[in-house]
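Model the full assembly from the supplied sequences, consistent with the hints where possible.
There are 2 protein chains.
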Amino acid sequence: MIEPDFSKGDGLVPAIVQDAGTKDVLMMAYMNRQSWEATVQSGKATYWSRSRQALWIKGESSGHFQIIKNIFIDCDNDTLLLQVEQLGGAACHTGHRSCFYRKLSGGDFVVVGEKIFDPKEVYK
Amino acid sequence: MIEPDFSKGDGLVPAIVQDAGTKDVLMMAYMNRQSWEATVQSGKATYWSRSRQALWIKGESSGHFQIIKNIFIDCDNDTLLLQVEQLGGAACHTGHRSCFYRKLSGGDFVVVGEKIFDPKEVYK
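One line per chain: the protein sequences are A and B, in this order.
Residue numbers for the first sequence follow our numbering, beginning at 1 and rising by one.
Residue numbers for the second sequence follow our numbering, beginning at 1 and rising by one.
Any given hint could be a false lead.
One copy or any two copies: either way a pair holds, since identical chains are not told apart in the list.
Unchecked claim - Pairs of lysine-lysine residues, derived as DSS-like cross-links and limited to a Cα-Cα distance of at most 30 Å, are as follows:
no., residue 1, residue 2
1, Lys120, Lys8
2, Lys44, Lys120
3, Lys103, Lys44
4, Lys8, Lys124
5, Lys8, Lys115
6, Lys115, Lys23
7, Lys103, Lys120
8, Lys103, Lys69
9, Lys69, Lys23
10, Lys44, Lys124
11, Lys23, Lys8
Honestly, the hints are just simulated from the structure, not real lab data.
Dropping the structure here:
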């Protein structure tokens, strides 16, 4: 059976998160074995927060859960791609739809992404 | 000026690579500052090979260069998203269009992705 190889990245694998409908890349986060198993069992994206060193059910504060539609693994078994339905329409804690809301243009990154919510209203 | 923060990940940032046309996620690789600057200057995706510990111009062996169309940076400045034109039609060294050619189905990952070339013919 093929499964993510957690041995390479200090117990973690990166997970790229893509909107299942629009195919926009929404964010990237990390999973350890515990969060991987929780994701598969619950059908909701669950990560490992490196800053908090804790299991992180995406959406547990905001209600903006990520419902798993498809999961892909890369050729080296060390990176995952999740296709999700993003509840609330935004994945980024800044309120933008995607964490990748700034684009390189004329030597600097400029905001191009859509802001869906005001973080002050969502994270109280 | 906003630029990638190479300090967090031991001098490296992950770069997600997406087909600029179809929005398929093709692969993920790592960049150090040198490969980042080479990418911006040349317009061809250039990574840092962690296994070879060397600059890696994607396509230098196969001819399957990745022509940069857009570059995005995430909210923490520590992950990049490249939208590219994938020459040769395949990003994966296995000959598949995407490195994410296996999908979780019934508890195991099964091949669903398209194979574009025979690696034995391309990497001689």
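Structure-based check of each hint:
1. Lys120 - Lys8: between (38 Å within a copy, 27 Å between copies)
2. Lys44 - Lys120: Result: close within a single copy only, 24 Å intra versus 40 Å inter.
3. Lys103 - Lys44: This pair counts as both: shortest intra-copy Cα distance 29 Å, inter-copy 17 Å.
4. Lys8 - Lys124: Only across copies: lysine 8 and lysine 124 sit 28 Å apart there, 37 Å inside one copy, limit 30 Å.
5. Lys8 - Lys115: Close across copies (26 Å), not inside one copy (36 Å); limit 30 Å.
6. Lys115 - Lys23: Both ways: lysine 115 and lysine 23 sit 18 Å apart in one copy and 21 Å across, limit 30 Å.
7. Lys103 - Lys120: within (24 Å within a copy, 37 Å between copies)
8. Lys103 - Lys69: Classified as both; 27 Å inside a copy, 11 Å across copies.
9. Lys69 - Lys23: Result: close both inside a copy and across copies, 12 Å intra and 17 Å inter.
10. Lys44 - Lys124: Intra 22 Å, inter 43 Å, cutoff 30 Å: intra-copy only.
11. Lys23 - Lys8: both (28 Å within a copy, 28 Å between copies)
The structure agrees with every numbered hint stated previously.
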